[in-house]
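**Student:** Could you build all of it, start to finish, from the sequences and the hints given here?
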Amino acid sequence: RGVPFRAWAWMRNWWRHFSDDNQLFVLTVRDDGGTLVGVAPWYLANSASKGRALRFLASGQVCSDYLSLLATEAHEDAVISAIASWLIAANRGRQNGDTSNEKPIPVGDSDRWDLLELDGISATDRPTAKLIEQLVEQGCVVNRREGLNCWRIELPDTWDAYLGTMSKSHRKQIRRVENRMLDSGRAVLRTIESLDDHHRAMQTLVDLHQRRRLSLNQPGCFADAKFDGFLHAAAADLLKTSQLELQILELDGTPAAAEFHLVGNGVVYAYQAGVDPERLDDEPGRIMNVAVIKRAIEKQYRAFDFLRGDEPYKAHWRAEPQSLVQLRVVPTHVAARVRYGVWLAGDAMKNLLRGSLNLAGMH
11 RGVPFRAWAW
21 MRNWWRHFSD
31 DNQLFVLTVR
41 DDGGTLVGVA
51 PWYLANSASK
61 GRALRFLASG
71 QVCSDYLSLL
81 ATEAHEDAVI
91 SAIASWLIAA
101 NRGRQNGDTS
111 NEKPIPVGDS
121 DRWDLLELDG
131 ISATDRPTAK
141 LIEQLVEQGC
151 VVNRREGLNC
161 WRIELPDTWD
171 AYLGTMSKSH
181 RKQIRRVENR
191 MLDSGRAVLR
201 TIESLDDHHR
211 AMQTLVDLHQ
221 RRRLSLNQPG
231 CFADAKFDGF
241 LHAAAADLLK
251 TSQLELQILE
261 LDGTPAAAEF
271 HLVGNGVVYA
281 YQAGVDPERL
291 DDEPGRIMNV
301 AVIKRAIEKQ
311 YRAFDFLRGD
321 EPYKAHWRAE
331 PQSLVQLRVV
341 PTHVAARVRY
351 GVWLAGDAMK
361 NLLRGSLNLA
371 GMH
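First residue of the sequence shown: 11, per the numbering used here; consecutive thereafter.
Do not rely on the hints blindly, as some may be mistaken.
Unchecked claim - Taking lysine-lysine and the DSS-like style, the derived pairs with C-alpha atoms no more than 27 Å apart in a straight line are: (1) Lys304 x Lys250; (2) Lys178 x Lys304; (3) Lys236 x Lys60; (4) Lys309 x Lys250; (5) Lys178 x Lys309; (6) Lys304 x Lys182; (7) Lys309 x Lys182; (8) Lys60 x Lys140; (9) Lys250 x Lys236; (10) Lys360 x Lys60.
Simulated from the structure, these hints should not be mistaken for laboratory data.
**Tutor:** Printed below as a string of structure tokens:
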């Protein structure tokens with residue numbers, strides 16, 4: 011709850027820019043009084059290889075983490091059961107008919123599905139785990155794979171307490187950054203939280219990100235017009251709900267680093283970043299990390315999350331891995347099982363070829 015990647019502003023803007031030929035497939039659950047108590051924020055992608063695949067909105071290219079079903083706390087179990095029952099009923103007409111005495115669930119041919127494909131899911135996410143458990147009980151098959159980790163710092167109450175978790179050498183480096191850069195005024199962190207300054211800050215982020223990526227012979231995220239449009243639109247909406255903080259680090263009066271932080275439920279999520287490739291000798295990335303983590307502690311946030319990716323620097327800042335999983339749920343009807351078998355065979359062949367190439371490289 012409170013995770014910005016599950017927010018309406020994030021998912022709506024993603025759909026506006028990445029929907030392509032896909033269809034919305036959002037399931038809603040209401041109580042007896044008609045009040046909305048749960049949502050499965052999905053869309054449907056149709057292809058020859060996977061059939062009618064259901065996925066979370068905002069998944070895929072934009073790397074949204076911690077996606078989940080949405081439910082009020084008091085109704086969570088009932089919401090999950092309702093969604094599981096609906097999914098089973100949606101394909102029931104393609105099997106042997108309904109022989110139960112339960113009240114029929116209204117579904118049509120357009121509701122059938124061949125694959126539930128979920129990515130960026132926390133391994134400890136209870137709603138997803140309960141949904142999968144109930145689908146398996148009804149005969150569905152699940153393929154579960156470990157994904158890249160997110161990395162999170164559980165923040166202590168004070169900056170000194172945080173520094174106490176560091177090695178002596180790293181603590182000394184951080185103190186040097188504080189003294190020479192931040193305390194001296196050479197480096198200044200500016201947090202953009204207003205719409206008036208939003209556009210200029212976003213342009214700074216894009217410029218620094220793209221120049222750094224190009225210096226590494228990489229295209230950069232903002233080379234994709236869809237991603238660029240999506241993040242600009244989402245940023246404007248998230249600022250209105252206080253779920254975004256744009257961080258600009260000025261060094262000697264000019265921007266040297268920028269970060270795009272989502273915030274929610276006491277957690278800072280470091281989603282995107284850029285640094286000036288011509289000022290790497292000044293270590294703007296290190297200065298930025300010191301400044302934003304210190305600020306998060308001062309603002310009494312409870313955690314700082316570097317999000318997905320197993321880069322070594324994250325552990326260096328005492329972040330701990332948060333496991334993510336990829337899930338493929340296959341229903342019981344024949345067409346879905348055939349496609350799943352083909353996918354498994356192809357995946358096994360890829361692994362075999364990859365292993366052969368690795369062995370060849372050893373000789």
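**Student:** Looking back at the numbered hints, which does the structure fail to meet, lowest number first?
**Tutor:** Hint check: nothing fails, all pass.
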